[in-house]
Structures are given as C-alpha cells and as structure tokens.
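Protein sequence lines, in the order shown, are assigned to chains F and A.
Just so you know, the working numbering puts 203 at position 201 of the first sequence, and the rest follows in order with no gaps.
Just so you know, the working numbering puts 109 at position 107 of the second sequence, and the rest follows in order with no gaps.
Treat the hints loosely; a few may be bogus.
Identical copies go unnamed one by one, so any copy, or any two together, can satisfy a pair.
Keeping only pairs whose Cα atoms sit at most 20 angstroms apart, straight-line, the calculated EDC-like set for lysine to aspartate or glutamate is [stated by the list, open to error]: (1) Lys271 x Glu238; (2) Lys293 x Asp159; (3) Lys295 x Asp274; (4) Lys293 x Glu249; (5) Lys105 x Asp48.
For the record, the hints were derived by calculation from the structure and aren't laboratory data.
Every value quoted in this text rests on a predicted model; they were computed, and no experiment measured them.
What follows is each chain in one-letter form.
There are 2 protein chains.
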Amino acid sequence: MESPYVIGIDMGGTNTAFGIVDMRGEVLRRGAIKTQKHTDVNLYIDELYSALMEIIEEVGGIEKIKGIGMGAPNGNYYTGNIEFAPNLPWKGVIPFANMLKEKFGVPAALTNDANAAAIGEMTYGAARGMKNFIMITLGTGVGSGIVINGQLVYGHDGFAGELGHTTIVRNNGRVCGCGKTGCLETYTSATGVARTARELLEIRKDDSLLRNIPLESITSKDVFDAAVKGDAIALEIFEYTGKLLGEAFADFVAFSAPEAIVIFGGLAKSGDLIMKPVRDNMEQNLLPIWKGKVKLLFSALNEADAAVLGASALAWELK
Amino acid sequence: MESPYVIGIDMGGTNTAFGIVDMRGEVLRRGAIKTQKHTDVNLYIDELYSALMEIIEEVGGIEKIKGIGMGAPNGNYYTGNIEFAPNLPWKGVIPFANMLKEKFGVPAALTNDANAAAIGEMTYGAARGMKNFIMITLGTGVGSGIVINGQLVYGHDGFAGELGHTTIVRNNGRVCGCGKTGCLETYTSATGVARTARELLEIRKDDSLLRNIPLESITSKDVFDAAVKGDAIALEIFEYTGKLLGEAFADFVAFSAPEAIVIFGGLAKSGDLIMKPVRDNMEQNLLPIWKGKVKLLFSALNEADAAVLGASALAWELK
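Let the hints inform the model, and build the full structure from the sequences given.
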C-alpha cells in the first residue's frame with residue numbers, strides 16, 4: 003500500500019521546523035529543533051532523527067512515510083546538497099538529502115525555501131491546478147520559485163529562480179548582501195522597506211508617526227502600522243515599494259507568461275496597501291497581450307505551516 | 003517507415019522562405035514567395051502549396067514529409083493561430099497550423115520566429131544536447147526563445163519569452179512600438195543601435211566617420227563599419243549597447259539559470275565589439291554562483307537557412 007504521509011522539514015538559520023503531512027495538506031504532527039545548536043552536522047541529524055521518530059511512531063511508524071522533503075537555504079535539488087550557506091553553522095557542501103535518506107531509510111529531497119513554497123502552493127494552496135505561475139516570497143529577503151509546464155524550474159545547475167537578485171535600480175542602486183547593487187531584494191524585502199523608511203525620513207522634513215521610533219530600529223511592521231493610520235510618509239513607502247515590485251513583475255511575465263504570481267510573506271499581509279501599487283505598476287508595464295490577464299494572488303497556506311507544507315510537498319514527487 | 007524529411011516555413015513581413023530539411027539539418031530544397039501579395043489568406047496558402055508541392059515532388063512526394071513547422075510573427079504554438087500580427091496583410095486570428103494541415107494532409111505546427119530559432123539551435127546548432135538555454139535574436143527587433151528542461155517555454159497562453167520587451171531603462175526610456183518605454187529592444191536591436199548613434203551624434207561635438215552619413219539613414223551596419231576603423235563614437239555605441247545587453251542577460255540568468263545564452267542576428271556578427279561588453283557587464287551583474295559559468299555562444303546555423311531550419315525543427319516533434 004502507498005504510504006499515506008510525508009515529512010516536511012523547513013530549515014531556517016535559527017529554527018528547524020518539521021511536520022508530518024497527509025495528502026490533503028493537513029499537518030498531523032509538528033515539532034522543531036534549534037538549527038544552530040550543533041556545529042557537527044551529524045549531531046544535528048541525530049537530534050532531528052530523535053525528534054522526528056517520536057512523532058513518526060505516533061502516526062504508525064516509518065512504513066507510513068512516503069518520503070522526506072526539506073526546504074533549506076542554498077539547497078540544491080539536483081545534488082541534494084546544501085552548498086555554502088552563509089547563515090548555517092556547517093560550512094562547504096553538505097549532502098543533506100543523502101544523509102536524511104540513510105538515517106531514515108526513506109527517499110529524501112531538498113530545495114531552497116522559496117522553491118519549496120512554490121511546490122507547496124501548487125500542491126495544497128493558491129496555485130492548485132496551475133501549470134505556470136511564479137511564487138514570490140517577501141520576507142527578510144525576496145525569494146522566488148518558478149513553475150513552468152507544471153514543473154519547478156531548477157535550471158542547468160539547480161539554482162534557478164533568484165528573482166530577488168534581478169536588478170530593479172540600475173544606477174546608484176542599494177548595496178545587496180550578494181555583492182551586487184540595485185537588487186529587487188534590497189528594496190522590496192521587509193528589510194528593504196525599513197531601509198526605504200530610514201532614507202525617506204532622513205531626506206524629508208515633514209512630520210510622520212515613524213519619527214517616534216528610533217531610526218535604526220524601524221521595521222516594515224512599523225511602516226505598516228503607520229500607513230494604516232494614514233501616515234503620508236508610510237503610505238509613500240508602500241507606493242514606492244509596490245511600484246518597484248510591479249515593474250519587476252511585468253518583466254517576469256515577459257519571461258514565462260504565468261497564469262498568476264503568488265505572493266507570500268509578511269509584506270503580503272499589508273493587503274491593498276502594497277497590492278494596489280503592485281498591480282497598477284505591473285499592468286502599466288505589461289505588453290498589451292497580457293494586460294488584465296495575469297492574476298496576483300496571496301498565498302493560500304496558513305503562514306505558520308506554509309514552509310513545512312512546501313517542503314513536504316516535495317516528497318510526494320519522490321520515487 | 004518514418005518519413006525522412008520535414009518542411010520549414012519562415013514567414014516574414016515581406017518574404018516567406020521555405021525548405022525541405024533532413025534529420026541532420028541539411029536543406030535539400032529551397033523556395034520563397036512574397037508574403038504581402040495576397041490580401042486573401044486562402045490565396046496565399048494556395049500559392050505556398052503550389053510552390054512547395056513542386057519541390058516536395060522532387061524529393062519523392064508528400065509521403066516523405068513527416069510534418070510542417072512554421073515560424074511566424076505572433077505565432078501561437080498552443081492554438082496554431084497567428085494572432086493580430088501588425089506586419090501581416092491578414093487581420094485578426096488566422097488558424098494557420100490547421101489550414102496547412104488540411105491543405106497538405108500532414109501534421110503542422112507554428113510558433114513565433116525567435117522560438118523557432120531556439121528549437122533550430124537545439125536540434126541542429128550551438129545548443130545541441132543542451133536542456134537549458136536562452137536564444138536571443140538581435141535583428142530589427144529583439145526576440146527570444148527560452149528552453150527549460152529541454153522544452154521550449156510557451157507559458158500559460160503560448161506567448162512566453164518576450165525578453166525584448168523587458169525594461170532595461172526605467173526612467174525616460176525610449177518609446178517602444180509595443181506601447182511601453184525603456185524596452186531592451188529599443189536599445190539593442192539593429193534599429194536601437196542606429197537610434198543610439200543618432201542620439202549620440204546630436205549631443206556630442208567630436209568628429210566621427212558617422213558624420214559622413216545623413217543622420218536619418220545611419221544603420222547598425224554603418225556603426226559597425228566605423229567601429230572596425232576605430233571610430234571613437236562608434237566604439238562607444240557598441241560599449242553602451244553591450245552594457246545594456248549584458249545587464250539584461252544577468253537578470254535572465256537569475257530567472258532560469260541557463261547553461262548558455264545563444265545569440266543570433268546581424269548584431270551578433272559584430273563579434274567581440276559587442277560580445278566583450280556583453281560578457282563583462284553580464285559577469286559583473288551575476289550572482290557569485292554563476293560567475294564565469296554561463297556560456298555566451300553565437301548561433302551555429304548558417305544565417306541564410308537559420309529561420310527555415312528553426313521552423314523545420316518544430317516539425318520533428320509533431321505526432
């Protein structure tokens with residue numbers, strides 16, 4: 003009999019969350035461990051194994067598990083390796099998928115977190131039934147997962163879909179952690195929004211609720227709260243962020259002509275504050291053939307479970 | 003027995019070229035008719051049929067033909083229609099693939115010319131054996147065909163891969179025929195290069211060989227000839243064109259992580275004059291994971307036959 007469950011593991015820089023998921027996307031069991039606790043990756047895997055086996059036993063043992071999917075920074079689907087991830091305690095190339103497979107005795111695959119989110123959305127969420135869409139995750143950074151012909155795009159080397167590092171400002175763009183300047187991520191991530199706030203508050207003289215907060219500690223959430231109260235500078239920050247995002251989206255559409263762009267993450271929760279300028283500026287920059295035709299959707303996955311669900315969805319495709 | 007030949011038809015705004023092609027990409031017979039002669043599309047098809055049947059008989063009759071592939075402006079692979087092509091005499095939606103199929107009694111498919119070029123390059127040319135590459139055609143316009151996982155990307159609606167209409171200049175960009183501003187095509191097509199020449203000659207005072215040509219009639223070929231002779235303004239035009247193209251290529255790489263970008267068309271023949279700045283600026287704007295890894299290749303197809311070969315390649319995949 004086909005095993006009825008999969009395991010999803012979402013490895014972040016701080017926490018590793020995991021869950022056991024059924025075919026309808028219900029998370030039956032949950033757990034988490036600290037990612038940074040062990041500098042020896044084998045000890046990390048040991049702890050993950052113990053924590054997971056406990057909940058695996060609760061659902062009927064490892065025979066019930068079809069496979070393990072993992073979303074991880076710098077995860078490469080083709081090799082199953084995590085390669086040179088700057089925010090993880092283990093350096094170099096770690097053959098994570100193989101290590102999981104050996105430890106648990108079931109198939110395992112990994113990819114990066116934004117790709118996992120795209121697969122999750124296609125399997126359980128807003129992109130169910132879609133063969134062509136682009137997932138954009140707006141968090142600390144800007145990630146993306148691209149689906150074409152029903153398949154995630156990994157490219158020649160497994161690293162395709164780095165749309166957060168396309169250039170949105172060509173001259174005097176902001177310096178990005180990746181070494182480039184002007185990357186979309188430096189403007190439209192949560193940190194990018196906070197950066198825009200600091201810049202605008204420094205060059206502008208008009209009053210703003212944001213001036214009650216120390217400049218260095220302003221977050222995108224503060225900007226949202228101020229915008230909801232009608233603060234002019236905060237509203238302008240959303241307009242600007244949405245403009246850049248909308249312009250970028252129009253270029254993405256010219257590439258793969260998706261049915262929809264699905265947005266996930268903190269910023270997406272700002273609703274129309276961000277979506278209206280995104281939509282307006284995207285439409286303005288689309289070729290006539292696409293005007294009014296590309297859907298902009300919010301993720302349909304419960305935020306707390308989305309990353310685990312996305313990772314788990316990878317496991318359904320395993321042989 | 004499997005039919006050994008396919009027909010490729012390249013429909014341009016002025017001429018329609020066609021040929022009979024074997025599996026190794028050899029063009030056994032060639033022909034052409036005027037595209038604009040008939041305002042009734044049925045008469046155009048009739049003339050095409052007569053012209054083609056003549057050479058089909060020479061290679062052994064229609065039983066030898068596996069299918070017909072056509073590259074045409076605004077050709078939609080999914081529907082087989084030519085839809086609202088501004089430079090063709092027939093307005094609205096023309097079900098061209100079906101009309102060919104009925105007339106000739108063999109399977110037929112069509113796509114736009116840049117997509118056909120990509121399939122041609124993958125079947126007979128510089129991208130043989132590649133599963134992930136991007137074809138860029140630099141002609142009167144800038145076209146593109148994107149191959150991912152060995153398949154051409156058509157997107158949700160069949161119109162994917164309009165990279166010539168991604169935005170390369172965001173503020174005060176040039177007006178494009180598509181209705182947008184700042185499109186890559188307005189700077190890096192042959193006409194874009196001539197436009198740059200006119201702009202530069204007007205704002206600059208220094209001497210140039212290009213000043214011997216009436217401003218309105220300067221072509222990209224003139225710029226090339228002047229650059230080869232060491233003309234400073236002409237060289238600057240190539241630098242500028244290559245810079246924009248290289249920056250755009252870096253963003254394309256971030257999307258689909260191709261093994262190579264294959265360039266075709268008049269400008270590509272300028273060799274290092276254009277390729278050096280393209281390469282330098284692409285490399286400078288790539289994420290570290292891709293630096294030094296993405297090949298820039300010239301088309302390996304004989305230019306006179308390339309469009310027909312590309313169209314013909316489509317027919318090998320027909321069922």
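Hints and how they fare:
Taking the shortest Cα distances, lysine 271 and glutamate 238 sit within 20 angstroms of each other inside one copy (17 angstroms), while across copies they are farther apart (47 angstroms). Proximity of lysine 293 and aspartate 159 under a CA criterion of 20 angstroms is satisfied inter-copy only: 13 angstroms between copies versus 33 angstroms inside one chain copy. Within a single copy, lysine 295 and aspartate 274 get their C-alpha atoms as close as 19 angstroms, which meets the 20 angstroms cut-off; across copies the closest is 41 angstroms, which misses it. Proximity of lysine 293 and glutamate 249 under a CA criterion of 20 angstroms is satisfied intra-copy only: 13 angstroms inside one chain copy versus 26 angstroms between copies.
For the homomeric pair lysine 105 and aspartate 48, the shortest alpha-carbon distance inside one copy (8 angstroms) is at most 20 angstroms, but the shortest distance between copies (68 angstroms) is not.
Consistency note: the structure conflicts with none of the earlier hints.
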